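Peer 1: So you can see what is in the structure, the chains are spelled out below.
Protein chains: 4
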Amino acid sequence: MKTKNLASSILTSVFLGLVSMGSALAYESCHKSKWGPNDQLGALNNITQDNIIAASKLIKQGKKMAMAIETNTKTPAFPPRTYSMTIVRPGQENGQTLGNTKLSYHDDILQSWVGIGTQLDGLGHIGIDNVFYNCTPGIEVTGVSGLKKFGIETFPGVATRAVLLDMTALMGKDIIPEGTPFNQPEIEAALKRQGNMKINKGDVVIFYTGWHKLLGVDDKRNGAAHPGLGVQGARYLANLGVAMIGSDTWGLEVVPFENEGQVFHVHQILLAEFGVFILENVVAQQAIKDGVYEGMITVGQHRTTGSVQAIVNPIFVY
Amino acid sequence: MKTKNLASSILTSVFLGLVSMGSALAYESCHKSKWGPNDQLGALNNITQDNIIAASKLIKQGKKMAMAIETNTKTPAFPPRTYSMTIVRPGQENGQTLGNTKLSYHDDILQSWVGIGTQLDGLGHIGIDNVFYNCTPGIEVTGVSGLKKFGIETFPGVATRAVLLDMTALMGKDIIPEGTPFNQPEIEAALKRQGNMKINKGDVVIFYTGWHKLLGVDDKRNGAAHPGLGVQGARYLANLGVAMIGSDTWGLEVVPFENEGQVFHVHQILLAEFGVFILENVVAQQAIKDGVYEGMITVGQHRTTGSVQAIVNPIFVY
Amino acid sequence: MKTKNLASSILTSVFLGLVSMGSALAYESCHKSKWGPNDQLGALNNITQDNIIAASKLIKQGKKMAMAIETNTKTPAFPPRTYSMTIVRPGQENGQTLGNTKLSYHDDILQSWVGIGTQLDGLGHIGIDNVFYNCTPGIEVTGVSGLKKFGIETFPGVATRAVLLDMTALMGKDIIPEGTPFNQPEIEAALKRQGNMKINKGDVVIFYTGWHKLLGVDDKRNGAAHPGLGVQGARYLANLGVAMIGSDTWGLEVVPFENEGQVFHVHQILLAEFGVFILENVVAQQAIKDGVYEGMITVGQHRTTGSVQAIVNPIFVY
Amino acid sequence: MKTKNLASSILTSVFLGLVSMGSALAYESCHKSKWGPNDQLGALNNITQDNIIAASKLIKQGKKMAMAIETNTKTPAFPPRTYSMTIVRPGQENGQTLGNTKLSYHDDILQSWVGIGTQLDGLGHIGIDNVFYNCTPGIEVTGVSGLKKFGIETFPGVATRAVLLDMTALMGKDIIPEGTPFNQPEIEAALKRQGNMKINKGDVVIFYTGWHKLLGVDDKRNGAAHPGLGVQGARYLANLGVAMIGSDTWGLEVVPFENEGQVFHVHQILLAEFGVFILENVVAQQAIKDGVYEGMITVGQHRTTGSVQAIVNPIFVY
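Residue numbers (this note's numbering), protein chains in the order written: chain A, 1 to 318; chain B, 1 to 318; chain C, 1 to 318; chain D, 1 to 318.
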């Protein structure tokens with residue numbers, strides 16, 4: 001899978017990066033949370049009861065859209081992420097059953113990197129020069145058996161309005177070409193095309209690029225790059241107070257990066273600077289086909305203590 | 001690799017071997033799905049667009065309740081289930097960062113049995129004498145690297161009305177004693193106490209027993225038994241057409257079982273006979289405290305192909 | 001945790017369930033160990049102190065040959081076996097070190113099917129109709145978290161004479177073609193060619209076929225089949241009292257099998273009938289090149305309780 | 001288990017250690033291998049064909065001693081190391097068998113930290129201020145999916161003379177008390193007591209302290225500390241040219257450390273400075289009981305590419 005090339009280029013930049021040690025600068029330039037030194041919710045703080053009530057009013061057709069792709073050994077994964085599942089039937093050797101009820105059962109064991117498939121990036125996922133969200137030094141975050149801070153168990157679950165941005169209709173392409181950045185002009189154009197929609201504080205914004213159509217069809221192209229959010233667009237949305245941002249791509253932000261060497265800068269802006277949670281590989285195709293661009297979204301995660309990310313299936317109701 | 005062919009030929013002989021198996025009785029007594037031979041959704045078929053619209057009208061306060069407990073090494077687990085999480089920082093040895101943006105990042109690897117914490121039981125979890133939902137023989141379900149049928153990836157996500165049954169208020173106990181069965185009389189009494197509520201086709205029913213309060217406080221008592229749904233109550237609710245049933249206990253059904261030796265008979269009735277999905281360790285305390293007994297529930301799962309279960313965090317909006 | 005009690009009661013019912021199983025025939029036709037009902041060593045019982053002393057006299061050049069190939073993600077593996085390794089540096093985030101000694105350290109986590117690479121097959125690996133070595137029913141062997149009997153921890157370690165059979169020189173081929181069976185005539189011819197060697201009771205016999213040369217070169221051909229021991233040859237060697245038999249192939253016995261449908265019959269004869277341990281992917285190239293066909297072999301395994309197999313590196317000294 | 005306290009104290013020292021960043025000094029003071037810049041064998045280079053022949057002459061009784069303890073969930077492990085084993089029977093649901101031969105089989109999946117039980121420490125395990133053996137910077141060693149250098153697959157296997165040092169007989173104690181250091185005086189005294197033995201270049205030295213007798217008996221005491229090699233003793237043996245050093249304790253070197261804060265300094269001296277491989281939890285009780293103090297030892301490892309350590313079972317023949 002072409003992501004290996006992506007990985008190689010990163011490994012190269014590792015050696016370049018080696019010259020820059022010491023984090024003094026980083027600590028000066030880090031961003032304190034406006035919600036206080038103990039805040040772990042970030043932009044989710046922008047979701048109010050009014051947001052939820054307003055979102056509920058968007059449920060008109062009574063339809064539900066599950067936004068997850070499948071996670072398995074064939075799902076394109078950022079190297080060296082791997083996936084393995086094992087099914088067992090404890091105590092049922094020889095086909096015997098358990099008890100008078102002749103119980104038969106399966107159990108399952110997951111041995112997998114979490115960041116495969118449709119995923120939620122927690123605030124502990126990405127930092128800037130070993131400083132994470134809310135000016136938290138890496139030493140207070142990293143733990144070999146689970147994050148000490150910003151573990152995915154702190155994600156409170158989300159229910160709010162989601163705005164879907166159909167970039168394919170805007171740009172008249174079934175699949176937006178790799179490397180296409182989405183910044184303020186593209187975002188505003190998409191909103192205008194969708195009936196002069198507005199993005200509100202506390203909303204979740206989901207980009208629809210058609211890129212998910214490459215899954216299993218052209219994994220090599222899929223893994224090598226994709227269209228996505230740009231640096232300016234990230235700051236623009238974050239300043240609007242959005243709670244989460246997602247896309248139907250594996251990395252949300254545009255790849256190749258707008259500026260060479262600025263490795264996952266959009267991730268840094270959203271997670272480390274603004275505390276905006278990220279959704280990847282979330283597919284809005286069904287609603288888009290129905291011509292629906294807003295609804296209520298809910299996100300609930302496997303609440304595994306200390307996880308960095310979660311494999312999720314956001315539910316969009318409209 | 002060609003060894004796969006070798007394996008396939010072996011798998012073929014497995015199917016030949018099937019003729020020599022005897023669960024004739026089981027096949028006669030199994031329950032065909034009313035939704036056809038290919039149905040994998042079971043009682044979720046009862047959820048209509050009207051259910052979803054009606055559920056949305058229950059969102060009045062604009063509150064959201066995440067219903068999951070945490071999953072970690074301390075979470076009581078049915079033996080021999082174990083949990084392990086590993087955090088890594090690829091390419092960041094010596095504290096170096098990646099690229100000009102000085103990227104730092106964490107990744108996570110989950111090595112865990114899935115059925116730990118707040119979980120969704122898929123239709124492939126439990127069978128009767130090696131026959132699973134919709135009269136499906138185990139041979140068509142079991143796969144060592146993932147279920148061949150009823151894998152959790154087939155769970156379509158749920159949005160519908162949830163009815164919370166506060167058994168603690170009904171019985172005047174902060175924590176309902178272990179071994180207390182909930183059958184039609186208890187269920188109807190709880191509904192009556194909560195303002196003559198009705199359970200509708202397509203609803204999710206959640207029992208609140210206070211049992212979750214034992215977590216980390218008295219794990220020994222918690223693990224040994226708990227109150228829960230009885231055999232008659234399971235059939236009663238299933239016949240009402242409920243889509244899912246859950247509780248704030250690790251096993252939903254009453255333990256010890258009502259009849260000794262009838263191992264997880266309620267699980268068999270719900271999953272194998274009626275196709276009613278099960279939620280375990282789902283906690284409704286917040287809404288109960290608010291005196292709210294109905295709202296919209298959404299359930300989205302990690303869509304890991306072939307999984308039997310999922311660790312979930314249902315979102316209840318009211 | 002008390003749930004263990006719950007589990008135990010279920011396991012009890014498993015044994016009750018056993019009566020309803022039918023492998024009567026298998027039990028009649030099974031082979032009792034000549035070393036008694038509790039024997040778990042099988043043909044290793046044939047190794048005496050005289051064997052070891054005699055083997056030590058074969059050490060003439062003072063050379064050592066490690067016989068293992070590498071186990072990693074590229075090693076051909078019988079499906080669905082997979083391999084994964086993770087390296088961690090606990091407590092060393094930001095590149096900090098531990099203590100005044102500025103300790104830096106790596107640790108490693110192995111998540112792998114055991115039967116990949118150079119492996120030792122324990123007596124619990126293969127059975128006949130759910131009956132394993134020494135007429136042991138599967139129910140007494142299988143345990144979901146480790147074999148209850150014949151776990152690799154019972155392997156006592158081996159030091160004895162090893163006889164290398166160079167089938168490539170015998171047949172005048174650099175790589176013996178797939179499907180070539182080795183039975184008594186081929187074995188005796190190889191011994192005769194190597195100076196009328198004799199195989200003694202307690203010896204380890206290793207076939208050299210050159211097949212290992214396909215590793216990483218033609219994995220497809222390698223995985224599809226290989227030359228190896230035949231059914232008659234297996235009984236012949238077992239009756240000579242050899243302690244172990246190995247080869248430089250992934251399955252030791254000839255593939256395709258001599259008789260279609262007789263799946264791994266040689267494994268059954270060696271492991272289940274005679275208690276002869278099996279070594280796979282053991283490479284004797286160095287000694288063969290030196291024209292040496294006998295020496296002292298030692299086999300020590302990772303002594304992981306309940307493992308079926310072990311990834312080993314036999315040491316041949318000559 | 002008390003090792004948790006040990007871990008805590010180490011975590012404390014992590015924070016202390018944090019003040020000292022930068023490796024310039026380390027690079028100046030690192031030790032180049034006398035066997036060249038590409039050497040990965042270290043002191044194993046001292047083993048010659050003469051060593052092996054001489055060792056073979058020590059095989060007199062024809063006895064074999066396997067030196068490994070078992071590795072399982074009960075084996076004391078340095079935090080946060082964990083162990084898990086899963087047994088599967090692919091394609092055998094309902095008790096069916098494979099083919100006409102009615103094949104039944106078990107397979108096993110190991111999910112475990114490698115450093116549990118009887119282990120071989122590779123040269124990549126321990127470094128000094130991020131510099132490893134042969135002045136190799138950590139950046140050239142660490143790889144998240146396997147060490148880039150000094151992976152255990154590079155261990156060539158060993159056959160040579162082993163000298164057993166019975167410290168219990170020397171000190172007249174059945175179990176040597178924790179914190180007892182072994183330095184030149186103790187080592188020479190033990191050799192003298194054992195008939196004025198000499199340690200030769202290329203030998204493996206094994207300390208017998210009786211500490212293994214605490215396994216499963218007093219794991220708390222076992223995990224908290226133990227007797228072992230001191231800093232001076234380590235340099236003394238390394239300068240004698242020994243190939244490997246082992247003991248029947250989990251950490252070889254004396255714990256608590258001779259000087260507080262000098263975390264695993266003996267490991268650093270042996271692995272990073274001299275390239276002397278380490279064996280832990282190797283038990284020589286059988287030979288000691290027989291009054292035998294020298295013999296031939298062989299060490300073969302699971303040749304898993306990129307592993308830091310290996311779980312081994314050294315075979316001692318005498």
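Treat each hint with caution, since some may be false.
Copies of the same chain look alike in the list, so a pair counts if it works inside one copy or between any two.
Straight-line C-alpha distance at most 25 angstroms; calculated SDA-like pairs for lysine to any residue [unchecked claim]: (1) 289 - 240; (2) 60 - 148; (3) 289 - 197; (4) 102 - 224.
I should point out that these hints are in silico values taken from the structure, not numbers from a laboratory.
Computed from a prediction, not measured in an experiment: that's the story for all the values here.
Peer 1: If a hint holds in the structure, say so; if it doesn't, say that too.
Peer 2: Quick rundown of the hints versus the structure:
no.	hint	verdict
1	289 - 240	neither (27 angstroms within a copy, 34 angstroms between copies)
2	60 - 148	neither (42 angstroms within a copy, 36 angstroms between copies)
3	289 - 197	within (18 angstroms within a copy, 37 angstroms between copies)
4	102 - 224	between (51 angstroms within a copy, 22 angstroms between copies)
In summary, the numbered hints that this structure violates are 1, 2.
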